[in-house]
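Visitor: Take these sequences, add in the hints, and give me the full structure.
Going line by line, the protein sequences match chains Y and A. Residue 166 in the numbering used here sits at position 166 of the first sequence, with consecutive numbering throughout. Residue 1189 in the numbering used here sits at position 589 of the second sequence, with consecutive numbering throughout.
Keep in mind that the hints were calculated from the coordinates and are not lab data. Just so it is clear, the structure is predicted and the values come from calculations on it, not from any experiment. All C-beta atoms in this analysis are idealised placements derived from N, C-alpha and C, irrespective of residue type, glycine included. Some hints could be false.
[As the list claims (entries may be wrong)] Dumping the calculated DSSO-like pairs for lysine-lysine here, alpha-carbon to alpha-carbon at most 27 Å: (1) K793/A / K192/Y; (2) K1118/A / K792/A; (3) K792/A / K81/Y; (4) K732/A / K193/Y; (5) K609/A / K263/Y; (6) K792/A / K263/Y; (7) K953/A / K1003/A; (8) K864/A / K163/Y; (9) K462/Y / K609/A; (10) K152/Y / K793/A; (11) K68/Y / K1129/A; (12) K163/Y / K732/A; (13) K294/Y / K273/Y; (14) K132/Y / K793/A; (15) K9/Y / K81/Y; (16) K163/Y / K681/A; (17) K894/A / K752/A; (18) K793/A / K584/Y; (19) K1118/A / K581/Y; (20) K943/A / K975/A; (21) K529/Y / K518/Y; (22) K1118/A / K1129/A; (23) K263/Y / K763/A; (24) K358/Y / K421/Y; (25) K864/A / K894/A.
[As the list claims (entries may be wrong)] Sample of chain A residues facing chain Y (criterion: CB under 8 Å; computed from the structure): (26) S789; (27) I812; (28) R823; (29) E837; (30) K975; (31) A1174; (32) D1176.
2 protein chains.
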Amino acid sequence: MAEFFTGLKRTDMCGTLRHKHKDKEVTVMGFAQKCRNLGSLLFIDLRDRTGLVQVAFDSSKNKELFEKAATVRNEYVLVVKGTVRARSAKNKNPNMPTGGIEVEASDLRIVSEAETAPFSVADDVNEQLRLKYRYLDLRRPALQSKLVMRDKIARTARNYLAKQGFLEIETPFLGKSTPEGARDYLVPSRIKKGSFYALPQSPQLYKQLLMIAGMDRYYQIARCFRDEDLRANRQPEFTQIDLEMSFVDSEEDVMEIAEGLIKKLFADCLKVKFTEPFRRLSFEEAMERFGSDKPDTRFGLELQNLSAEVAECGFGMFTDAIAAGGSVRAITVPSGAAAFTRKECDAFGEFVKDFGAKGVVSALFKEGTVPSFFKFLNDGEIAAVKARLSVKDGDAVFIVADKSDKVVFDSLGALRLHIAKKLSLIDESKFDILWVKDFPLYEYSAEDGRYYAMHHPFTSPKNEDLQYMESNPSKVRAKAYDLVINGQEAGGGSVRIHNPAIQKLMFQVLGMSDEEIKERFGFFIEAFKYGTPPHGGLAFGMDRLAMLFTGTDNIKDVIAFPKVQNASCLMTGAPDYVELKQLKELGIELRAKQPTDKGE
Amino acid sequence: MAEFFTGLKRTDMCGTLRHKHKDKEVTVMGFAQKCRNLGSLLFIDLRDRTGLVQVAFDSSKNKELFEKAATVRNEYVLVVKGTVRARSAKNKNPNMPTGGIEVEASDLRIVSEAETAPFSVADDVNEQLRLKYRYLDLRRPALQSKLVMRDKIARTARNYLAKQGFLEIETPFLGKSTPEGARDYLVPSRIKKGSFYALPQSPQLYKQLLMIAGMDRYYQIARCFRDEDLRANRQPEFTQIDLEMSFVDSEEDVMEIAEGLIKKLFADCLKVKFTEPFRRLSFEEAMERFGSDKPDTRFGLELQNLSAEVAECGFGMFTDAIAAGGSVRAITVPSGAAAFTRKECDAFGEFVKDFGAKGVVSALFKEGTVPSFFKFLNDGEIAAVKARLSVKDGDAVFIVADKSDKVVFDSLGALRLHIAKKLSLIDESKFDILWVKDFPLYEYSAEDGRYYAMHHPFTSPKNEDLQYMESNPSKVRAKAYDLVINGQEAGGGSVRIHNPAIQKLMFQVLGMSDEEIKERFGFFIEAFKYGTPPHGGLAFGMDRLAMLFTGTDNIKDVIAFPKVQNASCLMTGAPDYVELKQLKELGIELRAKQPTDKGE
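Guide: Next comes the structure, spelled out in structure tokens:
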């Protein structure tokens, strides 16, 4: 039976006890991690959020207490009073921060017994089982420390932003569905039957309205929702450090604040100092050099454009691509010729197909061999290509040609990363941080025959590109910026359009009718009429930052109660069937009869 | 056309400029609040989040700038560069914190023009219109300052709780529906069609699971959702400062932390210091004395129990109530006889009907008159009643008798408040803070013939009352506590059951079958088997605190984008009809054809 422990107050956390606490009378509380009964001596490793401490029971000193301690099993919850004493040299445990001491128990309360858990906290069992018993999984110090770090990131961010004059303002979760971008999660209204709220994909409209309201600087660590088929490391609900500020004249105004925030987080949470400004790459340069708008620049293997060199060659695959408006690009892997087999090169060809390319031309510059595509090139072209690629004997070269530049970039950008990982070229101990800016404002979809906003339709064009809005939308760059850390998009944002005339032009280019604009964004567009400070903002992915800061590749590691790929929670069983009565009250019914175990 | 202001950096906020800034060259940014053109001099009051400053333009000094300034209309957004100068004695404005100075403009950028707004920021127009144009409404300093205070409350609370070792841990919004208490907002699942997520009514289950997970101390400023018909000052989404802690032995462990938090908030946000511990009232005492479990003790008018004095009298209304197990109680209003007309007394009779009472017996002790009900009492009874009520000539007495004690308490408790407001007995400058504890664990519903948990079914009974769990549930008190400020429930919580055997008993008393328990709380009950630290927690109503701290009675004043009574947002139009395509994807359809303007 559970005991009470009235009168005992925790004096210390388990993991914080050290030699300096010698002779201190302490009360510690936690879970029994491991029990060793040596017959007359008994040791329990007691665990709390801060770590472990060894508690010792000696039958010769207190037989009754010893016998009580002998009933303790793993994961029992204990309150222990005792005295800190130094361990003898041979009993010291150098692997434990508290290994130099132990607590000699004088009182023990078993406040909760525990059945044998489905798995041991120390075990590494399959993820399904661990997610079902997430509360047990979370007992693992490796997971606890990640949530501790996440708390620290949030706290540091809040304090930094408060100092910069940002107000934390809560925005609604029950909002209006504005179908653009991802799919909304809907919430049926009981009062206005047939109508629905939407959970926010981001607080975008609200935070801009707060600027119009004169709140000047806003932030929020905001939950956001997207009903998308989950890719790895996506969750249906995710968290953003979201901010917006008024009187922004250029991108740099927002980037300065955001950069300060990131530097503060690195300094306070990881003791990593960045003294130089983060590098700025234009979108164009990022694509040309790395084939990605979130380049990992911790290694080389930069892309080279061979289009000029091979434009007139005899290889149809190259010339056709170029003639169709595409390009031919390559990466050179120094000393790569010996690193890859022909089979691996063929696999690269398969790899790039996921990105739309038809294949890869591989060239291993081994002594005495000549790349097969050289037979289509004359000597001048071969020399030009080799010069462009700075290729030496022993190197490998991989070339992609396509009529779509995007396909070439995506394929080679991904292949570049793939090869770097294969060859362990990435220094994982480094943090590589840079800004990518000057994004195109629009993406053209050949399929749909129209332009789409690359970010969202409230992103401001660059002042100097305003002139192309109607004549050549593809040429217009946006006042948008992404922060990239180790090849991952950590956050991004933009300066917004605050001028109604430009906003109207934006919608025109997107092919939206006045009616459609009114329907989707009417109240929002209306707001801009009554005096709007120039403003801009940014959002960092909180989950992504927590992953980067805790060195995990698994987003579930930084979320207390995550969902799995099909957006369900293995612990609670959500989503679940509900009572028909509930649906009736909401005025909805299921389209097809679904299995339900909760009829009326 | 909107101008850019490249190169101009804000140096100061408008409302912060003072005489000490004299001769400083400043750049300020904000909205034009008021423009006065005197022909050769022109003044614009410029407003930002911090307040107003007067900007002066002199046509004799800079004609071009003056003429530009003359085009400015209310709510234009401006960037102004200029020099701070002292105003002459006769031009000083003592009603403005910045009234001793003005900014003599040397540069002006009109960064946004403004159409005439539907109402002026200075006006007091009807709430409907203000909510539709919430972004204009929020420009009012009175509202802005409330959101500034709300930010400060959140920040202060977070820093306090972090210092106390609480970790901020985010819990899911897409959870499982566990129908108990209020109605859930549901979110249809697209992937598992026919099933639904529920938005959390509180993070209750998650935060208890975090304790089981060994996270030790958790907090979150959490949005919660209840799909209830809105009473005044309720919102479908609301915010809680939510906390939970492990190794709690008694209520006082949690109350100590919570009391520290409230004292810190008062000290830091309002400069109000509380040095004494908050008073503790038992639920029983609170009801007996004030007829309320959230008593406003800033004034007297305490309830008196007359049951003993009138149990044998000749007045059937009294004796019947007592015989049926109810009571007869009264409040005495000193000098009240002259304060109320007979008509007002009759109105009190109507007033209490809302609380289930049949009426009020009013007695005005005016000179020479005898309360009519005295004719049913003998001299001894009259003397006893007068003694019990400490009644003097000139006082008024109001008596309620009912066979239900609850009805008597509710009626007289409400009447007590009603009269105090009528007579302005409440010192609104005071903060009256107290704890109510020792609540009953159960409420018995005669209608349903069963017990309900007064708080929730995870609330721990008091140790000494465990013995009555089966034999006399009504007698069992809970380890629950509410913090009451000025007669409002600011927050509440409980120590939780952590012993599976007691939890089982709890469910039994509530009449829940094993199957039902498993269905509703299966995963949760399971979790308690594997070692559970004794734990407890509490939640403060963030909206309520913000209202108390900003002195408003209107919850909408402390929420940036509130909803109205029918749970709709007048600004966005949410909830709204959605495209049929969206419903199809979710596998749902509308039960009856609803009006929809968005066919496929």
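Visitor: Next, verify each hint and record whether it holds.
Guide: Comparing the hints with the structure gives:
1. Taking the CA atoms of K793/A and K192/Y, the gap is about 23 Å. The hint holds against a cut of 27 Å.
2. A hinted pair counts as satisfied when its Cα atoms are at most 27 Å apart, and K1118/A with K792/A qualifies at roughly 22 Å.
3. A threshold of 27 Å between alpha carbons decides the hint, and for K792/A with K81/Y the separation of about 51 Å lies outside it, so the pair is violated.
4. With a CA separation close to 21 Å, the supplied pair K732/A and K193/Y stays within the 27 Å bound.
5. As the CA atoms of K609/A and K263/Y are separated by approximately 22 Å, the hinted pair is consistent with the 27 Å bound.
6. Among the hinted pairs, K792/A with K263/Y is inconsistent with the structure: their alpha-carbon atoms are about 42 Å apart, more than 27 Å.
7. Between K953/A and K1003/A the CA atoms are separated by roughly 14 Å; this keeps the pair inside 27 Å, and the hint holds.
8. For the suggested pair K864/A and K163/Y, the alpha carbons sit about 20 Å apart, so the restraint of at most 27 Å is met.
9. Only pairs whose Cα atoms come within 27 Å are accepted, and K462/Y paired with K609/A is accepted, the gap being roughly 20 Å.
10. For the hint pairing K152/Y with K793/A, the CA-to-CA distance comes to about 38 Å; that exceeds 27 Å, so the pair is violated.
11. Taking the CA atoms of K68/Y and K1129/A, the gap is near 20 Å; set against the 27 Å cutoff, the hint holds.
12. Distance hint between K163/Y and K732/A is unfulfilled; the C-alpha atoms sit about 32 Å from each other, more than 27 Å.
13. Between K294/Y and K273/Y the alpha-carbon distance is near 22 Å, which keeps this suggested pair within the 27 Å criterion.
14. A C-alpha spacing of about 21 Å is found between K132/Y and K793/A, which places the hinted pair at or below 27 Å, so the restraint holds.
15. With a C-alpha separation of about 9 Å, the suggested pairing of K9/Y with K81/Y holds against the 27 Å cut-off.
16. Distance restraint check for K163/Y and K681/A: the Cα-Cα separation of roughly 24 Å lies within the 27 Å cut-off, and the hinted pair is therefore satisfied.
17. A distance of roughly 26 Å separates the Cα atoms of K894/A and K752/A; the hinted pair therefore holds under the 27 Å criterion.
18. Using a Cα cut-off of 27 Å, the hinted pair K793/A and K584/Y holds, with the two alpha carbons roughly 17 Å apart.
19. For the hint pairing K1118/A with K581/Y, the CA-to-CA distance comes to about 20 Å; that is within 27 Å, so the pair holds.
20. The straight-line distance between the Cα atoms of K943/A and K975/A is roughly 22 Å, inside the 27 Å bound, and the hint therefore holds.
21. With a C-alpha separation of about 14 Å, the suggested pairing of K529/Y with K518/Y holds against the 27 Å cut-off.
22. With a C-alpha separation of about 14 Å, the suggested pairing of K1118/A with K1129/A holds against the 27 Å cut-off.
23. A hinted pair counts as satisfied when its Cα atoms are at most 27 Å apart, and K263/Y with K763/A qualifies at roughly 23 Å.
24. With a C-alpha separation of about 23 Å, the suggested pairing of K358/Y with K421/Y holds against the 27 Å cut-off.
25. The hinted pair formed by K864/A and K894/A meets the criterion: a straight-line CA distance of about 22 Å does not exceed 27 Å.
26. Interface restraint check: S789/A against chain Y, minimum CB-CB distance 4 Å, threshold 8 Å, status holds.
27. For the restraint placing I812/A at the interface with chain Y, the shortest Cβ-Cβ distance is roughly 5 Å, inside the 8 Å limit, so the hint holds.
28. The restraint placing R823/A at the interface with chain Y holds, with a minimum CB-CB distance near 6 Å, inside the 8 Å limit.
29. At about 6 Å, the closest approach between the beta carbon of E837/A and any beta carbon in chain Y falls short of 8 Å, and the interface hint on this residue holds.
30. Nearest Cβ of chain Y to the Cβ of K975/A: about 53 Å, over the 8 Å cut. The hint is violated.
31. Among the interface hints, the one on A1174/A holds; its C-beta lies about 4 Å from the nearest C-beta in chain Y, closer than the 8 Å criterion.
32. The beta carbon of D1176/A comes within 5 Å of a beta carbon in chain Y, closer than 8 Å, and the hint placing it at the interface holds.
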